[in-house]
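Asks: So the sequences go chain by chain: A and B. All residue numbers for the first sequence refer to our numbering, where the first residue is 1 and numbers rise by one. All residue numbers for the second sequence refer to our numbering, where the first residue is 1 and numbers rise by one.
Reference excerpt, derived from the structure (chain B facing chain A, CB under 8 angstroms, subset only): (1) Ala-149; (2) Arg-150; (3) Lys-153; (4) Ser-160; (5) Lys-227; (6) Pro-234.
None of these hints come from the bench; they were simulated from the model. Bear in mind that the values here come from a model prediction, so they are computed numbers and not experimental data. Ideal Cβ placement from N, Cα and C applies to all residues, glycine included.
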Amino acid sequence: MTKKEVAEYGVYEVFIQKSYTDPHIHVGSLVAPTSELAMQWARENFLRRDSAVSLWVVQREHIDQTSTDFLARELDRKYREVRGYTENGRLWRMFKEKTLTIEEIVAAVEEKNRNLKSKNKK
Amino acid sequence: MNQEEMFMKRIKQGEKIEATDWMPDEYRQLLIKLIHMHAVSEIMGAYPEKEWVPKAPSLRRKLAIMAKVQDEMGHGQLLLRIVEDLVYPLGKKREDLIEDIYYHRVKFHNVFHMEARTWADAGLIGWLVDGAAIINQAALLSTSYGPYARVLKRICAEESFHMQHGENIILTLAMGTAKQKQMLQDSLNYWWESLLFFFGPKEVTPAAERMIHYRIRTLTNEQLRQKFFDKYIPRIHSIGLTIPDPHLKYDTEKKCWVYTEPDWKKFSEIVKKNNGPKSRERIELRRQAHEGGRWVRQAMLCKPVG
Ligand SMILES: [Fe+2]
Ligand SMILES: [Fe+2]
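Chain A on its own, in the form it takes in the complex:
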């Protein structure tokens, strides 16, 4: 009995980075004989329309995965989350002020303060 020759390809997991300020995100997997071809095929499979700035392929056997138990959360962790502090808004209102958010700070530092800039040049 002769065995049919089967080409066994390895599985590669594919990660795409959409912009330089984003992390690489897992989008799926494919089989390929080499990492070079995995890269080529990943581009054809996952990036026919979407643009990206970087692509990673990783052999599946090089990925270690956890069990769900490992990530189980029995305890209430609201004390370490923003939503554990919703009363702040009500408390600030008593002082006629409002709670500060990270978005507000980001907006404040992004708005260019021309006044100060020209003053600093002097």
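Using the hints, position chain B with the ligands against chain A.
Replies: Only chain B with the ligands this time, still in chain A's reference frame:
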């Protein structure tokens, strides 16, 4: 176009530089100095608050401040990874980056040399020291160095919990007894000057100018300090506190805050010589933790027998 000009063209176009890209030596050195100090400040910054973990006034407060301390150590870890990649071509390793702390080869922010004397101090650190740090970090989100920009995004997301945590402690004290309110006022008096110093000198130093040139940062110290004033002064006043600066006022013409400058000399001595009220004690604890853990780090490398 030579390598340097190509690099500057990328920067001007708003591109992000990656760890393995070619970069001028000066750019690498500036990044190492900035991010190493940032990383070490996160780690040393956990100490003032960790001192309050055993003394927190309730179980919930204890859990929350512990969570925050853990976050700050985590920020230190994320940032040290960035520095590790930057110093790799220079032959330096994580061990060196940590040892630099107790051989006084790296500085950390003045605020973390100060003493957290009361629970109000712990709260004020969470509210205003974190507040100042968040302004700094938010302004760095647009940095030209890609790995730093990505890590800062993550850090800022976690800082939004720190903001709420700090506000909550402060609001509770502000609504408390006369004694609690007084404790809060004392705390503001103790920290105010430190907070002003935190943003650095008013003038743009040569190093800061180079950082702006490379778009590692885009705002000056004074611009950041003014942003801090904008956001926090009205809130500090609203809860009935007095800012210990009789000359503080908003100049409506120049559209900026006028204030009494901190004692620049005193605080830069603290940072340069590590001789603040708590510097030596905390650095010694860091040394013990690092040296004492050496055998564990080594043991973990060993393959199990059999
Ligand atoms: Fe932090
Ligand atoms: Fe923080």
